[in-house]
Each structure stands twice: as C-alpha cells, then as structure tokens.
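Given the coordinates of chain A, assemble chain B onto it according to the supplied hints.
Listed here are the chains, written in short residue letters.
There are 2 protein chains.
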Amino acid sequence: MAELKNDRYLRALLKQPVDRTPIWMMRQAGRYLPEYKATRAEAGDFMSLCKNQDLACEVTLQPLRRYDLDAAILFSDILTVPDAMGLGLYFETGEGPRFERPTDTIDAIKKLSIPDPEDELGYVMRAVSTIRRELKGEVPLIGFSGSPWTLATYMVEGGSSKTFEKIKKMAYEEPATLHLLLDKLADSVILYLNAQVANGAQALMIFDSWGGALSHHAYREFSLRYMQKIVDGLTRHADGRQVPVTLFTKGGGLWLEAMADTGCDALGLDWTVDIGDARRRVGERVALQGNMDPSVLYASPERIHQEVEQILASYGEGTGHVFNLGHGIHQHVNPEHAGAFINSVHELSKQYHK
Amino acid sequence: MAELKNDRYLRALLKQPVDRTPIWMMRQAGRYLPEYKATRAEAGDFMSLCKNQDLACEVTLQPLRRYDLDAAILFSDILTVPDAMGLGLYFETGEGPRFERPTDTIDAIKKLSIPDPEDELGYVMRAVSTIRRELKGEVPLIGFSGSPWTLATYMVEGGSSKTFEKIKKMAYEEPATLHLLLDKLADSVILYLNAQVANGAQALMIFDSWGGALSHHAYREFSLRYMQKIVDGLTRHADGRQVPVTLFTKGGGLWLEAMADTGCDALGLDWTVDIGDARRRVGERVALQGNMDPSVLYASPERIHQEVEQILASYGEGTGHVFNLGHGIHQHVNPEHAGAFINSVHELSKQYHK
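The listed protein sequences derive, respectively, from chains A and B.
Mapping the first sequence onto full-length UniProt numbering, position 316 (from 1) lands on 316, and the numbers just tick up by one.
Mapping the second sequence onto full-length UniProt numbering, position 156 (from 1) lands on 156, and the numbers just tick up by one.
This is chain A alone, in the form it adopts within the complex (with noise of 0.2 Å):
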C-alpha cells in the first residue's frame, strides 16, 4: 500500500496536531457535479453504478480531481446491507428508495440472515480495494454504513417516510420484534465495516440519517444502543494506524454527551448545533465534523467566506475539527461555489492552528 501522504483528515480526528483544519464534503461525488451525471448516465441506475467497481472508483475520484480535499468516501449508498439481505432494493424517481420485500413482521425479521460482506456484499469491497489502490495515498478512504434504526426505518416502511408510522408502532407495541432486527442489523454492520477496513477503509462513519425522529428516551433504546454495539464489535486499528470511528445524528443535537459515551473518536453535528457550544459540551472527549448548513453554499463566494469564517471562529483554535456540511451537499450547488468554499476552509483555518 501508498504511503498516505495527506493524513490531515485522521490526525484531527484523533486529535493530534494539524497545519490546518481538513475538509470533505458529505456526498462530495454527487449530482452537482457534470462529471458524476456522465459517469451515472454510463452506467445506467444508481445501484448499477455502486456496483461497478470501476466506475463507483471513478466518481469517488471525481471530487479529488476538481477540489483539494482531504478525505474520499466510498461511493455507495445506505441500504446496500438490507439489500443484501434479500429485500429487494429499487429506486423510483422522485421517490426516493423502494424495497420490494418490506420487513414488518416477526416472521420475517426471523427469516432475515446476515450477509457475508465479501459473497453478497463482494461487489463493495471490491470498490474499496479499487478505489484506495486508485487513491495511490493522496488521502485517507473513509467507509461508511447507515446505522441500524436507519437501516430499519426503510426495511419496515418499505422506503422513505415522514411519520415513520409502521416501525414506530412496532417500536411502542413489538419492541422485542424491533429489537431482533436492530440486533441483526448491528451484527451485519460490524461485518460489513470491518471487511471495509480489511479491504483498506481507513476511517469509518455511520450515518444515523433518522435517528432525529425518535424521543430522546427511543433514540437511546433503538438507535444509540445499537450504534454502541457496532463500535464495540469494529476493527480500530489497520495497517498500524488508528481506524477513527464518526458517529453522525442528524437532528442528535440534544444527545451529544449520550453520543461521545459510545467511546467514538468523533460526532457529526448538524447546523442546528452552535459548534463551539458542542465543543464545551463534549470536545475533551471526541472530535467534531461539521458542521455549515449546506444551503449556504447557494449564496455567493464572499457570503460562503463569512460563514466559514463564523464556524472556524465559534470551533476556536486547535485540532479536533473536521470541516464538513451539516448535511450532503444539495444537487443545484454550483461547483464553483463548492470550490470557494474548500478554499475558505483552506485559508481561514491556518490561523487556529499555530
């Protein structure tokens, strides 16, 4: 393997000294930006290109060619596991994901089986060990999964939801039944991650996308507990390197000391958090990505300035700092405003860091 020789991203995530603050973007290889579309419109569907190795490495890359970026990210999606599963994953347009065979009952979520990550979920691995090959050391490779209650919420509803109705009621009515699936899911999790890591992931982020939808005492029952399985089960360490785990709620605000618990190296923050205040509240204890709300990236280069200028400033001086949206990066972004915004990070950040 490469040398790595930008290892900004790791070294403040475990908090050791940094010239100056890394950024990523969330869904940095996305629609926003042409070469993507091309290479999608290649390759046909979504899921057609995640399981291209070749061409998910191509649009991993893709980002890294335009933007001096600090990290890449596996190009696949969330719902690769229940997929793998046997649930039948498909996508409409405009509505999002679809599973054929929803899993709403105990009977079903008996029948469920854990995937083996290199037969079933061979084809990912192969894109992590194309892609960190391809990578050639610029930078660090982050793998990533969706975190158990996210994973259920689509397997139960079926696909996307506001209410969350079905797998709420079984959350209040059939805890014991969700449990069983969140238990299977946090297992199929572990595997797939570590595989990742085996096949050269050098970080690791999951992504809690509706654990934001619970109470705080449910969030504890069905999101974090399962979450705090998986970071018990993980590889930390590869290729004599620590391997940082990121743990990422959206709308998990409030939960932030719950969070840092889990003994993560790191939590994602949405916008809604002041990021000096979630430093005051957990930084001793992990690192913090984020955290600008990415519709600042509609606005003009010097209102982007400002705002990174404001984040910096509220983190304050010293390492523990991933910059990063607060959210994936939206599809009508111009990519020049991406741009300026990487190159603010860049300059602005050198000064918290002497």
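Hints in this document: simulated from the structure, not taken from any laboratory.
Just so it is clear, the structure is predicted and the values come from calculations on it, not from any experiment.
No false leads were slipped in.
Heads up, the list lumps identical chains together, so a pair's fine if it works in one copy or across two of them.
As a list, the in silico DMTMM-like pairs of lysine to aspartate or glutamate whose alpha-carbon atoms are at most 25 Å apart:
| hint | residue 1 | residue 2 |
| --- | --- | --- |
| 1 | K169 | E336 |
| 2 | K350 | E317 |
| 3 | K166 | E302 |
| 4 | K166 | E309 |
| 5 | K166 | E95 |
| 6 | K250 | D277 |
| 7 | K169 | E309 |
| 8 | K15 | D68 |
| 9 | K111 | D187 |
| 10 | K37 | E165 |
| 11 | K169 | E302 |
| 12 | K37 | E92 |
| 13 | K166 | E336 |
| 14 | K51 | E95 |
| 15 | K162 | E336 |
The following block gives chain B in isolation, referenced to the frame of chain A:
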C-alpha cells in the same frame, strides 16, 4: 361572556396551582375523527371549512364532546395570513398547501400589504367569536398563528419544501429582502392575533413549524427575532385575565433559553427533548407544553399509559406543565386510543399536584 368554568390550562401556563395537569392535543379537530371527516365533506374543501364560521365552530367543538379536554383551539390554517395578502392559497391532494402567486422577489414583497384582520381575515374573527360563544365558558379558547419565518417559507417556496432552497438562498444572498417580508409578516401577525383576542381568544400560540430547519445563527436572525417582535406587540390581557402566549419551534430543543428570553409565557416542546431537562433549563421562566411523540398513540392503551407516566415523572411535581403531543395528532390514530391517552393524563397527573 360566560364565566370560565375550567381554567386549568390558563393557570398552568401562568404557573398558578392546578388540581391536575391540563391537556389538549395539537390538531385535536382533525381527520382521525369520523365526525370531522363528515363535516369536512359537507363543507367541500378544507378552506371552505375554515371560512364557514358555523362549520369551523362545529369541528372545534367535536373533540370536546368526545373527550375531557382542558382547552379548545380555533379551527383554522396557519396560511390564512399570506392568503389574505393575496397569494391565492389552494390545496392539492397529497401535495399540501400551494400558493398561486409566490412572493420570491423584492418587488413582489414590496407590494404586499398588511391585511386588515376584520376585513380580509374577517371570517377568522367570526369563527373566533362564534366558537367563544358556543363554548359557553366550558374551557378557554386558544387563538394561533404561524410564525413569520414559517409563513415566509411557504410564500417564497410556493408551497411545502424539504430543502427550503429558495428561501435559504434569499436568507444568505438577499437578507434585506427576507427581512422586509418577515417584518411585514410580524406586523400582520400582531394585528391578526390581537384581533383574535378582541374577538374572544383567551390564550395565543405561535407555531414555528420550520424554524428547526435553520442554523442556530439563522434561527435567531430570521425566526426568533420576529417572534420576539410579536410577543412585544401582543395584547396580553383581556376580560380582566392574562392572555398567555406559547411559542413552539419544532426541532428547537437546543434553543429553549433564547426562546424563553422573548418574555413569552410558555414553550411548546417536541419529543426530542426530555421535559425534565427542559424544566431545569428554563422552567423558572416559562411553562412547558408537551411532549409525547404522537406515534405513541398507535400503541396500546397500556403502552400509552406508561409513556404518559414517564413524561409526568420527568416533569415532576407542581404546576407549569400543559400536557400535549409533541406535534399534531396523526390521521390514522384510533380515536379510542386518543381517549385512553387523555384519561391517563387525568388519572396519573393528580399525584403531582398536591
């Protein structure tokens, strides 16, 4: 006017002693009730129901006939104010509210005039006075409005939105334009709510459904600032009694201190906050309304009972709590479960008021 027989709701909001925790449900006049659906079918469409004072009164009173509730809330829509400004509100099945003439330019915003509540919004005032009369003093009547930010999201986007692309672009690129709109809306809401009080409303609530989509800074600049202006401009007394004002920002659990600083009487809480934590943070200054996840009503009466118990225990002893859901009741809830919920609050809350 008839003497108020049950003033538990008003007393709890003002932190005066009560014999049990008062309860009402957001959207208690709604589609989960068959009698509501019958009246709505009679009216034709949703806005015709709002605009007919007798039918609006009828649906307001329906839940009070079924359940032992401690407050009635005016049946209306949050978008009556922009509609009265000439935007042309209409509802498309499955699409939510839309405006024929969105106001997404400075010219359109400059042309907006502030509606006369007794003229363009006279139908709301007639509904308020009809309901107040027909309540015969049984329970207090709550008047309400959307917050300026929440109204502006629909006006600029032209309807519901997930990413608030247009209005956030305006917020970051043309803040002066958005401030002009928000200021006109705040002035309109002050007149509108004061007219509701003049016509019989005994308490007021401001629904900031989309404040939680903003960053912590932008929330203060674009939402809270205008709720502050409204709180400062409201009639706070009528009929020799105080008219309590409740602010509710969905997803605003991180910002309770700033909300309490407005000088309102109470804060609405969604279910992501622990109500005991909220009381420790701001309970000296404001009463608290909430905060059960409406999805708990999908569960059995036994499970609902447990959840009520947990929330009451978390708030603890004494006044200052108005029980409610953390959001409007869902349309697929069994009305008998709503009844079991209300009975549980009655039964369990007495021990906290000795």
